[in-house]
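Student: The listed protein sequences correspond, in order, to chains W and E.
Residue numbers for the first sequence follow our numbering, so the first one is 56 and each next one is one higher.
Residue numbers for the second sequence follow our numbering, so the first one is 44 and each next one is one higher.
One or more hints might be untrue.
The list that follows gives simulated cross-link-like pairs (lysine-lysine, BS3-like), each with its CA atoms no further than 30 Å apart [to be verified]: (1) E:K111 - W:K132; (2) W:K120 - E:K71; (3) W:K154 - E:K204; (4) W:K132 - W:K154; (5) E:K111 - E:K224; (6) W:K120 - E:K204; (7) E:K224 - W:K154; (8) E:K204 - E:K163; (9) E:K111 - E:K163.
Calculated from the structure, these hints are not laboratory results.
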Amino acid sequence: MKHIIFPLTFVLFFTSYLSVGLAVEPEEILDDPVLEERAREISAELRCLVCQNQSIDDSDAQLAKDLRVLVRDRLTKGESDDEIMSYIVSRYGEFVLLKPPFNASTYVLWIGPPVFAAIGLLVLFMTFRRNAIAHASSNNKQEAGLSEAEQKTLVSLLDDTGSKKP
Amino acid sequence: MGLRRTVFLVPCIIFGVLAAYFAIGLTKNPHELPSVLIDQPVDDFRLVPIQGRPNPDREWGLQTRDFKKEITLLNVFGSWCVACRIEHPFLMQLSARGDIPVHGIDWREPDRASGPAWLKRYGDPYTLIGDDPDSRGAIAFGVTGAPETFLIDQNGVIRYKHIGPLNEDVWDNVFRPLIQKLENQ
Chain W
56 MKHIIFPLTF
66 VLFFTSYLSV
76 GLAVEPEEIL
86 DDPVLEERAR
96 EISAELRCLV
106 CQNQSIDDSD
116 AQLAKDLRVL
126 VRDRLTKGES
136 DDEIMSYIVS
146 RYGEFVLLKP
156 PFNASTYVLW
166 IGPPVFAAIG
176 LLVLFMTFRR
186 NAIAHASSNN
196 KQEAGLSEAE
206 QKTLVSLLDD
216 TGSKKP
Chain E
44 MGLRRTVFLV
54 PCIIFGVLAA
64 YFAIGLTKNP
74 HELPSVLIDQ
84 PVDDFRLVPI
94 QGRPNPDREW
104 GLQTRDFKKE
114 ITLLNVFGSW
124 CVACRIEHPF
134 LMQLSARGDI
144 PVHGIDWREP
154 DRASGPAWLK
164 RYGDPYTLIG
174 DDPDSRGAIA
184 FGVTGAPETF
194 LIDQNGVIRY
204 KHIGPLNEDV
214 WDNVFRPLIQ
224 KLENQ
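I would like the entire structure built from these sequences, with the hints used as guidance.
Tutor: Here it is as structure tokens:
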């Protein structure tokens with residue numbers, strides 16, 4: 056029981072911290088819970104242009120607040136999530152999207168890491184295989200040894216050189 | 044032997060290129076975003092006038108169609124903005140010369156009296172002013188901070204965006220040549 060209390064306190068402490076840090080102000084929240092949920096999802100994906108590593112859902116900056124309100128206004132007017140996102144992207148560029156889209160300018164970003172990992176694995180695999188082949192062939196030679204005739208020649212050669220020594 | 048050398052060199056070269064690329068990236072100011080609105084028409088927007096400013100026969104202080112007659116400047120400012128104070132004397136000079144209308148978006152004042160009070164105190168260089176308490180105007184222009192100044196051509200198309208205070212230097216080297224080019228079109 057004791058070993059569970061410490062992590063539990065930790066989790067409780069940090070989750071309570073998170074709820075305190077909520078940037079969305081009460082008067083911003085929409086009455087319709089479904090629309091509000093969509094607004095939260097959209098805001099979580101949009102970058103705050105003032106404090107650039109936060110989403111507008113997290114940020115206390117005034118521009119972030121105004122963007123949140125704009126998202127909610129457009130939602131209540133019946134716009135789709137995509138329409139709202141593309142309006143904000145049309146004003147601020149794709150930089151506002153916290154998750155970069157998959158298109159020509161971001162192929163390297165998305166495909167780069169798996170390609171480099173694959174190349175790395177391939178090089179690793181080839182190196183191991185080459186070492187294994189080299190190792191195996193040297194083993195084979197030792198096991199094969201010399202034929203009887205070869206053995207005789209070797210012995211006579213060794214004797215020969217031995218007898219020639221002064 | 045050739046293969047082994049390539050296998051060793053290629054990652055080194057890739058690393059070098061990436062390191063150079065990121066090193067250059069680190070020297071850039073992440074707040075100076077390239078505007079996606081260059082060569083785009085001014086978005087649909089309309090802003091109410093600020094208080095206490097003569098605004099004859101006009102319901103709106105500033106709106107899209109105000110940019111469709113001639114080459115104009117649009118300056119985003121606020122009484123809370125320190126850099127706007129630095130920029131302000133130059134805007135006064137510019138408006139005294141009278142070469143080009145300077146429209147203003149009074150962005151996010153804490154209350155309706157602050158903007159007019161600021162202009163009364165330091166002078167009012169603006170031709171038309173829209174009050175923008177909830178950033179609708181600023182967002183239409185993709186503004187991220189004040190001051191920002193846009194050059195808009197006679198067809199209402201945004202041609203240039205300057206981030207930070209405008210001054211004589213920027214004016215002579217960037218705005219003046221651009222305006223000449225637009226006038227000759």
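Student: Compare the structure with each hint and give your call.
Tutor: For each hint, the structure was consulted:
1. Of the pairs offered as hints, the one joining K111 (chain E) and K132 (chain W) holds, with about 28 Å between alpha carbons and a cut-off of 30 Å not exceeded.
2. For the hint pairing K120 (chain W) with K71 (chain E), the CA-to-CA distance comes to about 27 Å; that is within 30 Å, so the pair holds.
3. Restraint check for K154 (chain W) and K204 (chain E): the C-alpha separation of about 26 Å stays at or below 30 Å, so the hint holds.
4. Between K132 (chain W) and K154 (chain W) the alpha-carbon distance is near 26 Å, which keeps this suggested pair within the 30 Å criterion.
5. Annotation: proposed proximity of K111 (chain E) to K224 (chain E) holds, straight-line Cα distance about 17 Å (limit 30 Å).
6. For the hint linking K120 (chain W) to K204 (chain E), the alpha-carbon distance of about 24 Å falls within 30 Å, and the restraint holds.
7. Under the criterion of a C-alpha separation no larger than 30 Å, the hint pairing K224 (chain E) with K154 (chain W) is inconsistent with the structure, at around 39 Å.
8. Between the alpha carbons of K204 (chain E) and K163 (chain E) the distance comes to roughly 27 Å, so the proposed pair stays at or under 30 Å and holds.
9. Only pairs whose Cα atoms come within 30 Å are accepted, and K111 (chain E) paired with K163 (chain E) is accepted, the gap being roughly 29 Å.
Checked against the numbered hints above, the structure violates only hint 7.
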